[in-house]
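Student: Chain by chain, the residues:
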Amino acid sequence: MKFYFFHLMPYGPLDPDWDKTHEAAWVTLPNSYYDPKEGHKLYNRYLDELVRADELGFDGVCVNEHHQTAYGLMPAPNVLAGALARQTKNAKICVLGRALPILDNPLSIAEEYAMLDNLSGGRLIAGFVRGIGCEYHSSMANPGYSLARFQEAHDLIVEAWTREGPFPFDGDHYRFQYVNLWPRPYQTPHPPVWVPSQGSQETVDWAAHPDRRYTYLITFSPTESVIKNLNAYRDRCSAYGYDCPPDQLGWALPLYVAETDAIAKKEAGAAIESLFNKFLKTPAQYKLPPGYSSMRSYKFVMEVKYKFREEYLSVDKLMENGMFLCGSPETVFERLAELQGKMGFGQLVTMLQFGTLSAELTEKNTRLFAAEVMPRLRKVGVSPTVAAE
Amino acid sequence: MADHRAETIAVNGTNIEVLRGGAGAPMLFLHGAGGASEWAPYMDRLAERFDLIVPSHPGYGRSDTPLWLDDVHDLSFFYLDFMAQLGLEGVHLAGNSLGGWLAAEMAVRSTARLKTLTLVSPGGLHIKGVQKGDIFLWSNEQRVRNTFFDQAMAEARLAANVGEEMADIALKNHFTTAKLAWSPRFHDPSLHKWLHRIDVPTMIVWGENDLIFPVALAGAYREGIPGAQVRIIPECGHLPQQEKLDDFLTAVDAITGGAAR
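Protein chains in written order, with our numbering: chain B, 46 to 434; chain Y, 1410 to 1670.
Hint data in this document are derived by calculation from the structure and do not stem from the laboratory. Since the model is a prediction, treat every value here as computed from it, not as a measurement. In this text, a Cβ means the ideal position worked out from N, Cα and C, and glycines have one as well. Heads up, a few of these hints could be off.
Unchecked claim - Below, simulated DSSO-like cross-link-like pairs (lysine-lysine); rule was C-alpha separation at most 30 Å, straight line:
1) Y:K1541 - B:K344
2) Y:K1602 - Y:K1588
3) B:K387 - B:K273
4) B:K344 - Y:K1588
5) B:K362 - B:K350
6) B:K65 - Y:K1541
7) B:K310 - B:K273
8) B:K311 - B:K86
9) B:K387 - B:K344
10) B:K387 - B:K310
11) Y:K1541 - B:K323
12) B:K323 - B:K311
13) B:K344 - B:K362
14) B:K323 - B:K273
15) B:K350 - Y:K1588
Unchecked claim - Which residues of chain Y face chain B? A partial, calculated answer using Cβ under 7 Å:
16) F1545
17) S1548
18) L1580
19) H1583
20) F1584
21) A1587
22) K1588
23) W1591
24) S1592
Stated by the list, open to error - Okay, the calculated bits of chain B under chain Y, using three or more residues with CB under 8 Å as the criterion:
25) 174 to 188
26) 331 to 339
For reference, chain Y alone in the conformation it holds in the complex (with noise of 0.2 Å):
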């Protein structure tokens, strides 16, 4: 396992867990609904080619839920700020789900210190007609089996014993989630509008078999923002960096060069 620390960093007044590790060029990797409060094995591979930067959102594992989080909108200027009070620049942004949806909130407002895109299964777009897994009408069981094409990975995770810290920040998540996406449900009915201002190297990945977000949204991603190339990932559901996590990473190397490699 890559080494990597956990620590807090206060971001005007709200503090926040951050996991980080590896080296060269940073990655700012934006977790989803289900946070980020592990080190996972994506994120060892990440870390063999960046200096990957892993934050729980405000209102998500350990962080601060602060009174002033209502919307993906503040979650994306929180985090310009936060690229700013850490000096990054040349960032490789990356955000999967709900973390994708900020990522591009992120990058309509501001790509200046953006290097490259990554949008993995993101929300924040709508298309008329296709209509997204409901998440919070799904029962737990439901949920983790809507999540993963390969139900194998499903019941590993349902027979994985979670401990009692884990089970409240499970919840503390959930309850963020609704408070961020319950309507419009999972999108911004303005954020197509603003998808050209995205002047980035941008990668779109999608699991073809994605149960919560359906697939037809890359193709949305791709018309709105100029040059973006689609990586559709047969065999696989919402979390392609988990679930199919070569294929995840020959997308993030096709976008960032490989990086620090």
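So here's chain B without its partners, still in its complex pose (with noise of 0.2 Å):
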């Protein structure tokens, strides 16, 4: 298995009372609570959270995009994958992901994956997304164009990588004269495609076709839905024909380690609730406009998804449905060494800083899972077959 840290970036001191006064910690919640004293703290904080991943042995570093949240305060990710990718030595750089269609130029991120790809020397890993709803809110870019705009983005991307420029591209939502990428990505083909996803069967048929065979990363879930959503990833590559290794298939979520049980749900608790319930706090119309998704998926999203999330989720309920691992080196390797047989993956991605959590907490996290955690992992799901049933 190989393990990833991922950060969000979150404005921890964000006044928990936002939601007395404000429906949504998402594209209207107004910036003057963000102080920029604090941003500029929070922003050297957590490079230095992601630099000591490299320095302890986790195979890659991972950045996200959201705007105009709390949640996040990484609109521009490669901003920052550009800083790592000086700051690291061995560590995979993985922006989890641009959202492809919510620009109306997706050649700038062809061109700025490609010089981190250089500057990296090919360390790279490019995540591709849709974008939550939100960020529909926030770009004005139409949500009923969102998944062609996704897939002739990538196609846009993928051929500027790997095809001789200049070139005209005529798709239906981007046209280009000429395509002539300079500078070419320093892997070849091109740098490894991860799609992080919550599970739309749209995303699963395409990231899994024989023509991709991309990295699909099924973030922030219930551990039921996680083996669902993996297991049709699987299924779907099955369909294609051939097996899915387990490099393919891959999980993210909030971990915290401490030396017990109850020191774990102890330090971990207040932070893990600030995730869920202040900083993911946001109405089901701004995670979900209309379009998004097929009307099919938009109606399950809201009758069952969203109704689950309305309800405060509590550190015990977050570790019930499994959306929060935390416990000691022992408890957290033995569920994920279980997990993995169920699910087959073979890319972890650890959230070992979320909410609220203090520097000191975190790095007390990171050091011992990286300690104690992982090495007993590593030759779990590697092997060229996936884990039986």
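Combine both chains into one complex, guided by the hints.
Tutor: Pasting the structure below:
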């Protein structure tokens, strides 16, 4: 198994009473809640946490893109990926990912990724996402074209990376007379592509396709649905006529390790509750604008998924449904080994800082995880054949 | 209730549902974001005056959702074809909200089949600094409340038990509205340049308390369309034909001459 250290870079000092006067942590929460002096400290602290992960032997360090929210301070993740490319030595630089459809010129993503790949000497993992629904309110990109633009922007970027320029690109949504990328990517044919997802069938079908075989990363979901989605992806690979290797399956989740189960829960409880109940608190119509998904999945998400998220998610509830894994190194190791057996994933994307978790506890968590959990799981999830169900 | 019927009409291979009732000069009424899948009281009153034709737009109600549908311009050409196919002449064209925008887009393209134009709190224009309400960021309850001035009407709407078919239709309508009007939000930046082409008597009707499209937009339409009259209805939200039916009809009669009567 390979291990990645993922950072959302939340605005931790957010006034927790914001929701007494505002309905959403995204899009419309006034930026007067943001203090640049705090921001300056946070960016540097968070970068230090990512650099430490490289030093501790994580296989990759990960950033991602969100807009107009205290949930994550990376509207332009490649700015920070650029800093990481210089400050880290071995880890892959993973941008999970850039939201393709909300840009009118996706070639800028092809360019930035190619720069990062050159700068880091081929350490880039290129994440492609559609962006969650909130980004469509912030960018005014029409959610009704999200899927089509995602696929076409992807085609454009991969073609720009792999084909000799200049060439014209004639899409339905993007049209260019001269595609001619300078610099070309360092890796051949191009950086590995990961597709973070919350499980839409359209994404599974597309990412698993033999032309792509992209690493499919399921994020922030209850264990039951992670199992279902990773199995659906593996089944899709089989239907396409190939066996899905562990490297092609990833799981991202917040984790906390401490001396004992009780200490872990005590130290992490308030911070994980802040993530799910404060930083993610946003009415459904912000997260799921009309047209972003099919009507069928819109109804499912509104009626099942978001109903559940409207309740207060206590640390107990989050641990019970597996959205948060927390405990002694032994507990966390056993649970990960068990779930790896059930799901067959080979890429574990850990979020070891979340919500309001302090610098001290983040460091403690990261060091314990790297020392006590990681080494014991190294041999799992690497074989060419997937663990049997 | 006036006699009326629902029929399916195919225009260039796209099937749409059309409600039709009454007799006399034709009135084509173009619905807004909420659709028009059920016969409503305002249709009754219009059908006393006109041969009332209320289609569900492509992408709405029980009509097809064709692949060609991208924007309100597509719909405007579709309905010019629709009028030609039905052989409609001397049409009193009316529309509310998104449908008002659509009616204006048709009229700048061709008034050849039109006798009058009635735009009821139409979209289509934008005034810098005048922000429209965001129906996509509001919850269902906020949207209904912000549609009406009279909150008793909003509460009745919210309390109504909507069946599964109508709930699915509401969702379909909302999806299509987003596709057509997400960005630029409920307007066409070029429309104002061509409003001078509208050469039929035009009435602009607006609820004074419209929280979706502010009443200031009425002035932009009046400036753009030569000779356009404006009626601002007090204590009225975004749907005058529902909230202030009599005032709405007075405005319609003033521009159409009461037609059949």
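Student: Now look at each hint and say whether the structure bears it out.
Tutor: To see whether the hints hold, each was checked on the structure:
1. At roughly 27 Å between alpha-carbon atoms, Y:K1541 and B:K344 fall within 30 Å of each other, so this suggested pair holds.
2. Note on Y:K1602 and Y:K1588: the hinted pairing holds, with a Cα-Cα distance of about 24 Å set against a maximum of 30 Å.
3. Restraint check for B:K387 and B:K273: satisfied, since their Cα atoms lie roughly 10 Å apart, inside the 30 Å limit.
4. Distance restraint check for B:K344 and Y:K1588: the Cα-Cα separation of roughly 18 Å lies within the 30 Å cut-off, and the hinted pair is therefore satisfied.
5. For the proposed pair B:K362 and B:K350, the alpha carbon gap of about 15 Å is at most 30 Å, so the pair holds.
6. With a CA separation close to 25 Å, the supplied pair B:K65 and Y:K1541 stays within the 30 Å bound.
7. Taking the CA atoms of B:K310 and B:K273, the gap is about 27 Å. The hint holds against a cut of 30 Å.
8. A threshold of 30 Å between alpha carbons decides the hint, and for B:K311 with B:K86 the separation of about 26 Å falls inside it, so the pair holds.
9. Simply put, B:K387 and B:K344 have alpha-carbon atoms about 29 Å apart, close enough for the 30 Å limit, and the pair holds.
10. For the given pair, B:K387 sits about 25 Å from B:K310 by alpha-carbon distance, which is consistent with the 30 Å threshold.
11. Pair hint Y:K1541 plus B:K323 holds up; C-alpha atoms about 29 Å apart against a cutoff of 30 Å.
12. Of the supplied pair hints, the one linking B:K323 and B:K311 holds, its CA atoms being roughly 19 Å apart against a limit of 30 Å.
13. Taken as a hint, the B:K344 and B:K362 pair is honoured in the structure, with Cα atoms around 24 Å apart against an allowance of 30 Å.
14. A C-alpha spacing of about 27 Å is found between B:K323 and B:K273, which places the hinted pair at or below 30 Å, so the restraint holds.
15. Between B:K350 and Y:K1588 the CA atoms are separated by roughly 24 Å; this keeps the pair inside 30 Å, and the hint holds.
16. Checking Y:F1545 against chain B by beta carbon gives a least distance of about 6 Å; that is within 7 Å, so the hint holds.
17. Against a cut-off of 7 Å between C-beta atoms, the interface hint on Y:S1548 holds, since the closest Cβ of chain B lies about 6 Å away.
18. Here the hint on Y:L1580 is kept, as its CB sits about 6 Å from the closest CB of chain B, short of 7 Å.
19. The interface hint given for Y:H1583 holds, since its Cβ lies 5 Å from the closest Cβ of chain B, which is under the 7 Å cut-off.
20. With its C-beta approaching chain B no nearer than about 5 Å, Y:F1584 sits inside the 7 Å limit, and its interface hint holds.
21. Proximity of Y:A1587 to chain B holds as hinted, the smallest CB-CB distance being about 4 Å (cut-off 7 Å).
22. Annotation: Y:K1588 was flagged as interfacial toward chain B, and the flag holds, the nearest CB pair being 4 Å apart, inside 7 Å.
23. With a cut of 7 Å, the hint placing Y:W1591 at the interface with chain B holds, because the nearest CB-to-CB distance is about 4 Å.
24. For Y:S1592, the interface hint holds, the least distance from its beta-carbon to any beta-carbon of chain B being 4 Å, beneath 7 Å.
25. Figure legend: the segment 174 to 188 of chain B, annotated as covered by chain Y; annotation consistent (6 residues with Cβ-Cβ distances under 8 Å, at least 3 required).
26. A count of 4 residues in the segment 331 to 339 of chain B with a Cβ less than 8 Å from any Cβ of chain Y is obtained; the coverage claim is therefore met, three being the minimum.
Figure legend: structure checked against the earlier numbered hints; every hint is met.
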